[in-house]
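K.L.:
Chain order of the listed sequences is A and B.
Per our numbering, the very first residue in the first sequence carries number 34; after that it's consecutive.
Per our numbering, the very first residue in the second sequence carries number 155; after that it's consecutive.
No lab work stands behind these hints: they were computed from the structure.
Treat each hint with caution, since some may be false.
Simulated crosslink set (DSSO-like; lysine-lysine; CA at most 27 Å straight-line) [what the hints assert, rightly or not]:
#, chain 1, residue 1, chain 2, residue 2
1, B, K244, B, K225
2, B, K516, B, K500
3, B, K254, B, K244
4, A, K150, B, K172
5, A, K150, B, K254
6, B, K411, B, K500
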Amino acid sequence: VMQAHLQMADTPHNSVISLLKDAQSLLGEYYEPIRIAPGSLYHSALLFMPRCDLYMATHEDAQDIRLLSPRKSAWTSDILIFQREYSGDTRPIVVSPDDTLIAAVEGHAGALVRVWKTSTGRVLNTWSDLSFNGDFINLSRILAITFSLDGRELAIITLYTVHWWDPYTDVQRTQPMDLQLPSRLRERTDGNCVTARIPSQSVISEGGACVVVGFSDPVDLGSLQTVDLNTSKALVLLHDVAVLSVAISHDASRIASSLDDGRMRIWNAHNGDLLSAMDGSFDSPTVALAFTYRHSIVSMTVDGAVFLLDASGSDTPLRLRTPPVQLQAPEQFCASVLLDSYNASAISASVRSPLLAVATTESVSIWSEETRMLVARRRLYTSLGGGCALGSAVAFMSSRIELVVAPTQEPMSLWDFQDRQAANHGPPFDLLGGAVNSVSFSHDGCYVISGSDDPDLRIWETTSGALKASVQTGHTHPVTAAAFALPDRSLVLSGSDDGQVMHMELCEAESGRLLKHLDSSPHWQTSNQLIAFSGDGSQFVTITRYMSMSPTVLRLYQFSTGKVLAEEREIHHAKFTAISFLPDGSRIIAVCGSSLMSWSTEPPLRDPRTMTAGVAAHWQSQDALFSFACSPDSARIVSTSPCSVIHLWDARTDKKIRSATFALLGDEKSAPLYGWKLQHVLQYSPTTPGRFLSCSWAGVVRIWNDETLAIERTITATELALVTRDDISLSYSTITACYAPDGTKIAVAVEFDLNGECSNSRRLELRVHDVNAGHTVQMLAPIISYPAHEDPGVPNPPSVPLNMSLSFSRENIFFLRPGQPRVEVWSVLSKEHIGSLPSPLRTELTAFAMCSITGRLIVACNPKSIRHQVTETATVSSELVARSGLAEYDATVMCTSIMQDLFDANQTYLCVWDTLSLQLRSTLRIGHDGYQPPHHCIDQASRSISGKLSLQRDIVPAAAWIPRLQRPRFILSPDGWLMFILSPDSWLPRYYRVDDFGGEDHGIFFPLCNIPPNRRPPDGALLDSYHCPWGPVAAHGHIVAIGSLKGPVTIIDLTSLMLKIEKEGKLGAARV
Amino acid sequence: MRDQADLLQRPLREQVSKLVSVPLGTLQAADSLVVVIDALDECDKDAKGREGGELIPLLCAAFYSATSSVKLLITSRLEPTIQTTFEEVKQATSAQVVLKLHDIDRDVVQGDIRRYLVHSLRRVATHVPGLQDSDWPSDAIIELLVERAGVLFIWAATVVRFVDIDPFQNPCRRLDQVLSAAKNPSSSPYWKLDELYLQVLSQAVDVGDAPRQDADALVQCLRTVAGTVILLQRQLPPDALASLTGLDSLEARSMLKRLSSVLIVSDDEPVRALHPSFADFLTDSARCSDSRFLILEPVHHEAIAVRCLSVLNEHLRRDICSLGNSHMLAGRPNPDTGERIARCIKPELGYSCCYWFEHLGKCVETSTVLVELETFARTHILHWLECMSLLAEMEAAVTGVSRALHWCQVGFLAFR
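Chain B on its own, in the form it takes in the complex:
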């Protein structure tokens, strides 16, 4: 990959050949190797809407022709599209073993989950004074949790994070909250997980006896933060994320902390959801039964677009990196310039520059976004282009202008 920097932009066939087939060819016949591909269902869809629909046949062919003893282990949810893909592959290559987890003996899975829960919760207990020497959690509680988890490992993992969220809160109480949640069985395969997510979110906005306005504000805050995290085109570190939510930095960070059982948050790392199912849950009205937490994508994209534009309108200026007369970027590598660009163009500004039009393109038209867009167009287009040039994103600038133009024209026509 070092030799060919653009390899990831190349056609899949070439990528597989260079990255898989060639290395496989160097293996000795005696070598044995197991390659694991996890979560195929999260893979990009091909033109026919199949997850990894182009990749899997290529991969299988590559492995099939390998001389040495190589095993390929693919894990996935059992989407019908994926099944189709494998049916096709099956015809082309040798026999394959499909291991359906839900067909596996429930006891085996639950045994694994039990082991995980015992191990993790005991570790939690060692941090909490008074629990170190107790036998918390009791076997009864563990059994309850295992039963509740069913075969969903993510449920168990989320429970552990939920319990471990705050060293000053009593883990016993939080565990009780989980267990006391109303049992509301539904036909959805994810209902247990959804229920747990709801539990986590409710807990995050729990303000005890505080006035109703505060509670509403907190819910609003949660929705803004969670919506921003799941709808961003590129994950951002907490500070940059906070400024894109438009919330006070402390407020946003505290909300991130409240959500840390479902989000991965650390100081300088990009914030992301623990599991993609969280995003699905939040945006699917069928799954997210509490309308307080439901994220309506166009509305939220609009909010992000407004924030992006106002970040642009606020920060963009001429000669943003104070490069003065040194206008040349190409062909004159100056070690300072790159560092200065990184310093002067903060992540949130860089993000706004590169993605405002993406959010704009997905949002409904409101007067707020129009006002921001007009300010931007009137005062900052040149500054934005300068910034895009500094970020070496000029092609994105071309796309951005035409995308924004398209959005305006279509929106305008629709209005008429």
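Only chain A is shown next, with the shape it has when bound in the complex:
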């Protein structure tokens, strides 16, 4: 009955205790995110919580969330990870009497003093140098630190003085207290022998009552100095051999010292009487000593053996009843301990319980003093192999049972060793040094490959985070790119960047055997580069010329592997202005000067065929205006030349089929500059075969038949103009046109100067021409008039025609005149000017692009000053959208990255509208971190295009080519509704709803799992990675992997959050 009663009573207790413990772990792991964003509790913390009691009790709050990867089974045993930089050792550690603060001396020689709060793990204060009244205090001379009894003062004890500091501020509390050194030492000081006195180890008693310093002295052969900090009374105990380590009991009544020859001494701390001398007890010298709270002595020898010595007797002299007992570890307790002045912190004994902890280079072990059995053990993953074996530091909390563990190369953490059986957890990862520069998924998404500052590539399992393999490469510089080359993961591709040249290597994944040193040309660093993707996205081609006089190089790449399929050097010395694949991907067409050049995409690239239009050389300076178009069936290419000639080429043979000269019409003839006569738009009809339109700046649209190269229809600005001929000066009109998606209509925008009274204004008219009916059927009104000279960048009459943007969706026509702050919208059905797309921006927009695949998104941007580059970039991006066959959101991603990279120096905005609802879906203000010259930006943009494109594709290794940039990264979720931004100054990825006004920050996002770079267990806590800049990203479907420059690789599942958002009922129906 009693037992049953006990069991019944147990139940609520146990469940409450376990729930509260879960809450404690939750706070330890997610304190900062919860503090910043309470809503994240349900969105993310609950989502990634292990299957603990708290999760089971509350997961109904998140039952609509599906976690695709296996859920962690338990919390880590670390209650808390302390914020810490890897600046060396963290020894010794001291815990304040009320457990609220932890202080440590960090760095190999004690370079700084740091104080943490134990509630949050955050650094409260760091002192890299201390000075008092102008006197610099050399931190490397610190012997010991301790807290005062009320925890409000931190004593820093150097060889000659005790400094009392306020741990909360960097204010020194009082005058430093001089240690009353014994006269013998004073003599030494005066006699310039002080440098020879090396403090071997120093400890401080509980509450800071007494400090003990052991010296090895070439003259005295060792001495012990004890100083009572309350009375400054000093005591010197002499040894005939150098002192290796010292210890003082908690009540400051006894001192133990160990000597170089293996002997040990126990002293009365008050009067210096020798209580006991132990000779021959140990085989090797003792390097660390500590008293337990029962006055036993725990010691560790230089070869790592740990002994417990019962020295609790009260006899004088102390008679030890038993010889030292060696504490047994379950396995070979191999350790080598360096002789080090801070070894004292490798052993800690609890003040309240019979527990003692010993840290070696490889593990932390906790024994019970009573049973002498191992209570818990934890492996450490120090990455410093070989000769430099520094011990780690441990410290028990004062009133709690947890242990502070500070391994040399790992995060300092608060370890609850009792509850969670954490001994030997985590696989013994291979060492990994430095930043993770690149991450990439395998083709099936099951593995992640990472490249870091060392030459080894590492392959991890996505679900568990376990390290599967390491591949050694021959790189001498940090690996900045890593990817699987083939779907079967048999080959890996890696890249290394020495600042000048990108080296790429293709290796066998299993053996690491180098197959090919792929590319060592500096093509990522070039000053002039064009890039184009094939229609299916499987290949891309680059044209590179990185100095004005150097040869131009064309390379064809396999997109999935990054392999150069073919290369063509010295193809031309002139500047290339456009490049494209034929829609079927069979050929590459490029424009160089007045020539079209064409290559087969079958490697090796055959000699290029040049389709020279035969134009006078002086027009080459206008080559940017030269244009061409490919027919949808890839059979033909049509090109214009500066003269009134149009050429038709057979795309397969590159033979000119025919040319046609056409008559310039009135306004074209009278155009003031020759450039105005150029045909700047060529577009094949999307539906009617063999029809294409051309458009000259000077206001003439022609529709051609490509069989006969005959003009089927001519639409002049006069025909379009609403006002009479006399009122306008058509010489200066500019015109642009585009086909509707169904090919039945053509939208034409014309802008011209008004004569007469309104001579100072320009006027825009927009018409829709019905191709079948053969006349302009819709007159869209009203007309917008711009005051002349309103834009200093557009002189009147303009010397350069306006590059107006016009797009035709199913229902609407969108128009942007560069320099205007609005994208104007007309409805095709109602023939009315609907208005402008709602924009939060007051500044000018310069370009937009509509995705030709879905026709849903228009992206407009505000580049402020760098207008020229924008025009080019927008062309590139729409080209890419059109040709790479990506879904709509890719356009967003690309343009975002382009904008970000181009306009670093200015405040730049990106607006995304839905062309059906005409609603603004998002506005993002993009931050910057410094000015970069424009030409550099262009390079970055093209690099980003190649990198970002891969994000949404099934095959992703190109993501690895994203250079290591200290600036935000963007990821779009698979359905395009959420955008994630990683930035170096942010701890966690932030996400934005794309359809929300203002691009409001919606929260932070917790990773699915962390892959530990520093040989950390896979469930290693997250906190540490908060403080690392985010590095490269890769995506595979809805899973995104993020490397960080210092911390682990993080994997995020975008789907889970998506479901969450849907539940709130704001999306769903509106989905494409």
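For this one, chain A is given, so just place chain B on it according to the hints.
P.N.:
Same frame as chain A, now just chain B:
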């Protein structure tokens, strides 16, 4: 203090330096100033258990080094610990004058008390029809009161509040009640005050001829309300206080009104005891001779803990402030958010969030509190953390979890 918001969390030495020494330094030599520190005995105790043991030496040193003519007047009960402190200070600084009130001529003190009583009671009389023109209270009554007060000013003050409690009650009768109380002299220095408190409490639960159950219920009610007031970690306004007592709001407010001679109660201000001696009286079985009114701290803490937890269990829910998607608090100052948090998290809920574990830690373990705690742990921990984040009390949340955990583990072990 505006420049350094955390000054009050700083070490005392720094506070005294910034708040006292620096301003004193700006005084002209000719300026003369008297600084009064009242009720030193109510000051926090230092590590050695001395009231203001760290503060007084610092203050004295600061004033001692001031150039101008500054006087420091400290009033206190004469606790032995305080005496020790002053002995030490005396050695360090110049001579000081200790004025022991009980050494002052009794007549002087009583003269003051007499003046106070006459003034206050006459003012009471002006509100009461029929008394305005009378000579109530008569000199005889005043003399009786003065004699009864002895040298305890708080006694006189409490009497005045007791008499003035209700405009519809006859002040004469209430004064008679005070005077007719049984004289029960004891050795305690506070016996007169205690007697008066007892009188006030008895009067508060006086229901005339009502059945015994009603009287008992009223006593229970009094104990709950008074116990809650004196044991709360932070004073709360009447409504919030009422919901933490678990009583009906009207009932609780009426009891607060009945106790208004010893409590300071107004509509929106936090309720507090008129004098700290009231709390001492209620919790000290040696002083509170009527066991009906005695507050047993662990029992009452348990009651408050249960109430706090049930307030939490009742009100906590996900997204309590309906902030929706706007999860970010830090770094995005939104003027609405603060106002909405204040509106959605009522004072009693805010109090319960921040202090349930404090009460839990001080209470005995009962099945009631365990049941509430389990409900809370099972359903509301996340909601509570959300609330704590909204209240910017995350550090308290960390403390709370570990405190509650400690309580559970120790309680459990003790049971075993």
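K.L.:
Next step is simple, just say for each hint if it's right about the structure.
P.N.:
To see whether the hints hold, each was checked on the structure:
no. : hint               : in the structure
1   : B:K244 with B:K225 : holds, 15 Å
2   : B:K516 with B:K500 : holds, 24 Å
3   : B:K254 with B:K244 : holds, 16 Å
4   : A:K150 with B:K172 : holds, 26 Å
5   : A:K150 with B:K254 : violated, 46 Å
6   : B:K411 with B:K500 : holds, 23 Å
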